[in-house]
Amino acid sequence: MKAVLSRYGTTLTGMMVLATFIWLAVMVVLPYLVMVEFSFRPNLLPADLGTEKDHLTADNYGTLFRNTIHINVFIRTIWGSALATFLCLCVSYPVAYFLAKMATAKQAAVLLLLLVIPFWINEILRTFAWFIILAYNGPLNGVLQMFGFIDKPIRWIYGSNGVIAGMVYAYIVFMVFPVYNAIETLDRNQIEAARDLGASLWRIHARVVLPHAKPGIAVGCIMVFTAAAGSYIVPAILGAPGTRWFTEIIYQWFFEGQNWQQGSAYAFLLLALCIAFVMGMMRVFKVGLADIAK
Amino acid sequence: MSQDIALETVTKKFGDFTAVREVALNIRAGEFFSFLGPSGCGKTTILRMISGFIEPTQGVIRIGGQDMRGIGPNKRPTALIFQNLALFPLMPVWQNVAFGLEVRGVAKAVRRKKAEELLATVELADSAGKMVSDLSGGQRQRVAIARALAVEPQVMLLDEPLSALDLKLRQHMRAELRRIQKRTGVTFVYITHDQGEALTMSDRVAVMSQGVLQQVAVPMDIYNDPATAFVASFVGESNVFAGRVTETEGGTGRIETEAGSFVARLGAGVSRGDQALLFVRPEQMHLGAAAEAALNRIHAPFSHAEFEGNFVNVFCGTDGHKPLMSQTRSDPGVLALTPGAPMTLGFESADGVILPAGELARE
Amino acid sequence: MESRLTRIIVKIYLIVFLLYLFAPLFVMVIAAFNDSKFPTVMPWKGWTTRWFEDLWADDRMWGAVGNSILVGLAVVIIAVPIGTLAALLLDSIRGRTRSFLYGLMVAPLLVPGIIIGISTLIFWNRIGVPSGLHLSTVGQCSFICSYVMLMVLARLQRMDRSLEEAALDLGATHLQTLRLIVLPYLRTALLTAAVLAFFQSFENFNTTLFTRGGATTVTIFIASRIRTGVTPEVNALGLVLITITVAAAVIYTIRKKNTAAV
Ligand SMILES: Nc1ncnc2c1ncn2[C@@H]1O[C@H](COP(=O)(O)OP(=O)(O)OP(=O)(O)O)[C@@H](O)[C@H]1O
Ligand SMILES: [Mg+2]
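Residue numbers (the working numbering), protein chains in the order written: chain A, 693 to 986; chain B, 38 to 400; chain C, 9 to 270.
Since the hints were derived computationally from the structure, they do not count as laboratory data.
All C-beta atoms, glycine included, are put in the ideal place defined by N, C-alpha and C.
A portion of the hints provided could be inaccurate.
[Said to hold, decoys possible] What follows is a set of in silico ranges between Cβ atoms, one per label pair, in the way DEER data are often shown:
| # | chain 1 | residue 1 | chain 2 | residue 2 | range |
| --- | --- | --- | --- | --- | --- |
| 1 | C | 261 | B | 208 | 34 to 42 Å |
| 2 | C | 70 | A | 713 | 36 to 44 Å |
| 3 | B | 142 | C | 30 | 53 to 61 Å |
| 4 | C | 58 | A | 713 | 47 to 55 Å |
| 5 | A | 713 | C | 165 | 16 to 24 Å |
[Unchecked claim] Cut-off 30 Å, straight-line C-alpha distance, at most; resulting in silico cross-link-like pairs (BS3-like, lysine-lysine):
| # | chain 1 | residue 1 | chain 2 | residue 2 |
| --- | --- | --- | --- | --- |
| 6 | B | 167 | B | 145 |
| 7 | B | 50 | A | 694 |
| 8 | C | 19 | A | 906 |
| 9 | A | 844 | C | 53 |
| 10 | B | 112 | A | 694 |
| 11 | B | 112 | B | 145 |
| 12 | A | 793 | C | 19 |
| 13 | A | 906 | A | 798 |
| 14 | B | 167 | B | 150 |
| 15 | B | 112 | B | 50 |
| 16 | A | 793 | A | 906 |
| 17 | B | 167 | C | 264 |
| 18 | B | 50 | B | 151 |
| 19 | B | 205 | B | 167 |
| 20 | B | 205 | B | 145 |
| 21 | C | 45 | A | 844 |
| 22 | C | 264 | A | 793 |
| 23 | C | 19 | A | 798 |
Starting from the given sequences, assemble the full structure and let the hints guide the process.
Pasting the structure below:
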């Protein structure tokens with residue numbers, strides 16, 4: 693604190709502390725605390741507020757375990773997000789490797805720009821475009837039929853297929869960039885040395901490149917998983933009837949069930965899931981918050 | 038106008054590490070005062086305490102008699118020239134110079150005029166509109182000086198301002214700085230690890246080692262009459278003999294060393310029986326007839342000689358020992374000697390000084 | 009250095025990848041001109057520009073655009089100063105406090121947007137503030153501040169501290185030092201941060217969904233158009249947004265290249 697004061701003086705230090713306090717306390721910490729507290733309250737009629745019915749209870753969390761549909765949705769969300777994350781990694785890895793180690797400076801610059809452009813466009817619009825492409829009478833089936841790959845249309849938007857396809861597309865940059873940054877720092881000589889020793893392409897990647905890219909992969913996975921688990925619009929547009937996402941149930945509690953307490957409990961569960969995933973990845977891959985922030 | 042500075046037993050600690058230990062000294066008004074010492078000895082720390090960026094852990098700093106505790110750098114009558122100059126890269130030269138006036142609310146036209154005057158005194162009148170990045174090292178140096186002078190400081194603090202320049206320019210700027218100091222009469226506190234710089238420019242020099250003040254004196258006394266073994270070895274070349282003091286009488290003493298028994302001046306803090314060091318400057322280590330006539334004599338084989346133009350360095354001694362060095366006026370005779378030829382070196386007792394071994398004892 | 013076969017495979021992969029990347033954009037653009045009641049490219053019913061005309065005449069759309077701009081500007085006005093001040097603070101502290109504050113400041117980036125929306129909604133409701141665009145603004149700021157903070161901090165860490173000290177030494181007050189030395193140095197970073205903050209806000213759906221009350225922003229408008237009467241109007245709007253974004257991206261890249269060259 694002394695260092696801050698001597699660098700900025702009292703007025704500025706005061707402003708900095710105040711601004712930071714408003715942000716972190718009023719916009720970040722307090723809202724989460726209040727949300728958690730709220731999730732332990734029963735949903736009461738106004739008349740019952742303040743009576744003995746108004747006490748803290750874990751009942752809202754029990755709801756999830758009593759409701760098999762909801763628990764299935766929760767599990768599907770975890771499983772679906774994990775799958776989308778894994779597919780993102782598979783699709784991104786070759787691109788990241790090409791960018792980092794094979795492309796010329798110019799190629800890399802162009803490809804990076806091309807990569808970024810679609811992701812400056814609203815997620816909803818991109819998802820909606822996939823809805824058009826994957827539609828039963830849509831262009832994908834049309835093209836496939838035209839070339840004779842299939843003789844009758846395929847129902848692409850089925851179960852969680854559409855959702856996962858949409859998510860892989862929506863969050864791919866979250867994976868490409870960290871992995872690319874990580875591979876870029878790998879010394880080219882290490883790859884050459886491995887090749888000299890007669891390692892196969894597969895082995896070079898498994899033993900040299902992948903281990904080096906680990907922190908980047910961890911960061912990419914964290915970004916994609918949290919985005920996927922917390923996505924509302926992709927499942928809303930590309931989800932087949934009957935396959936909902938956990939976020940949709942939270943939305944229902946708030947705006948259809950008018951039970952905010954219940955919704956808060958579910959929201960907290962989703963947050964806990966994301967925190968658990970982030971912590972797990974950070975522990976396993978030994979990366980810190982500062983790495984993620986890049 | 039200028040003011041004096043007093044450091045009253047100033048100590049600065051960074052955590053457990055003591056960067057400056059109980060330094061007490063007075064810098065007179067209008068004086069060119071240098072701090073000389075090796076890298077990391079605490080020079081910058083002292084300067085930053087005077088300018089107010091850091092507060093002493095203990096002790097008081099006074100400028101013009103006024104206690105500076107609690108007074109921020111922007112309220113002190115000092116101007117600091119940073120080790121890296123710290124010119125503002127986004128402003129043209131004249132705005133850099135006029136910055137101190139700008140923050141004091143001086144009108145733009147007045148600022149500009151004042152900046153141009155100052156730039157003229159540092160011979161940069163035609164560079165007022167250039168960007169700092171377009172200037173050479175020496176020019177930037179002078180902009181920094183003009184910028185500091187613009188606020189009419191009573192004390193100018195300079196942190197190794199010439200270290201980034203090449204030799205030629207450095208020598209030119211030494212004279213320049215001295216000239217500016219004399220003309221403005223401002224107190225200059227100058228930091229350097231270059232003894233040549235300190236000795237040629239300063240009215241007085243403070244030598245420091247590991248945060249401790251070793252000696253404050255005029256340059257000639259620093260060289261001829263070092264107060265500690267550190268000063269004797271850091272400033273200029275010396276022949277050093279380690280040994281034990283066996284006799285003392287008045288200002289002289291006898292020291293028994295591996296190379297023989299010598300009589301020399303006694304420095305402060307040496308008494309009979311002490312381990313001590315004897316220092317003899319190469320130019321006072323004579324050869325030939327002068328050596329034979331001197332009170333202290335050493336016999337050693339000739340090793341080699343270095344021709345330096347106006348003088349010759351002659352090295353004597355056996356392999357494995359640090360050779361003895363004698364500096365004589367050019368004498369073609371010594372260059373003809375063959376290695377191993379027996380030589381006599383000698384010095385008068387007034388030309389050697391015996392000092393406490395202190396921290397150098399281990400070496 | 010890779011074998012020729014690998015190179016060819018990688019090239020093919022990249023082409024497929026780029027097709028995959030841009031297919032939705034093409035579909036979106038073409039569907040916007042298809043004279044079919046439903047947003048699709050097949051079957052092709054002929055060219056039309058009537059979806060653009062419909063869009064132009066749609067008052068709800070204009071209302072939504074106005075709201076989005078309003079929220080975006082409010083977010084810029086709040087998040088840029090807060091993020092900058094927080095970065096200044098973070099830049100001059102060390103040790104545990106710094107790690108703790110840094111963690112708190114970065115955390116909102118990892119929290120799903122709907123949870124930010126929900127917590128904001130509940131917190132303000134409990135202290136008596138009803139939902140509406142003002143809550144959307146606050147909710148968005150909570151994580152957009154993080155982006156601003158990170159961008160400003162990255163720039164500050166490259167700044168030479170002795171410039172600030174030189175200004176102070178020449179007699180500038182702390183505020184003057186900030187105004188005359190630090191802020192001009194941060195100028196580009198602040199501009200970029202402001203543009204990014206506006207875009208982030210304009211794009212935001214998840215946080216806005218829960219906090220908006222009855223108000224409609226552009227993203228909410230698009231989503232509701234998609235879920236209820238689907239019309240190619242959405243594609244027309246998409247094309248407009250694509251054009252704006254691509255233009256912005258290109259300008260941004262060119263400008264960045266130019267400043268990098270200096
Ligand atoms: N802020 C600080 N925190 C901890 N230690 C410091 C700090 N500033 C300086 N020191 C330490 O104090 C000692 C003296 O530093 P100082 O910068 O005063 O040396 P110097 O004499 O100016 O050296 P140089 O000639 O290399 O500039 C060094 O060992 C340095 O590592
Ligand atoms: Mg220094």
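Structure-based check of all given hints:
| no. | hint | in the structure |
| --- | --- | --- |
| 1 | C/261 to B/208: 34 to 42 Å | 50 Å, violated |
| 2 | C/70 to A/713: 36 to 44 Å | 38 Å, holds |
| 3 | B/142 to C/30: 53 to 61 Å | 58 Å, holds |
| 4 | C/58 to A/713: 47 to 55 Å | 53 Å, holds |
| 5 | A/713 to C/165: 16 to 24 Å | 23 Å, holds |
| 6 | B/167 to B/145 | 18 Å, holds |
| 7 | B/50 to A/694 | 15 Å, holds |
| 8 | C/19 to A/906 | 25 Å, holds |
| 9 | A/844 to C/53 | 22 Å, holds |
| 10 | B/112 to A/694 | 18 Å, holds |
| 11 | B/112 to B/145 | 22 Å, holds |
| 12 | A/793 to C/19 | 14 Å, holds |
| 13 | A/906 to A/798 | 26 Å, holds |
| 14 | B/167 to B/150 | 16 Å, holds |
| 15 | B/112 to B/50 | 24 Å, holds |
| 16 | A/793 to A/906 | 16 Å, holds |
| 17 | B/167 to C/264 | 25 Å, holds |
| 18 | B/50 to B/151 | 41 Å, violated |
| 19 | B/205 to B/167 | 24 Å, holds |
| 20 | B/205 to B/145 | 37 Å, violated |
| 21 | C/45 to A/844 | 24 Å, holds |
| 22 | C/264 to A/793 | 23 Å, holds |
| 23 | C/19 to A/798 | 15 Å, holds |
Of the hints listed earlier, those the structure fails to meet are numbers 1, 18, 20, in rising order.
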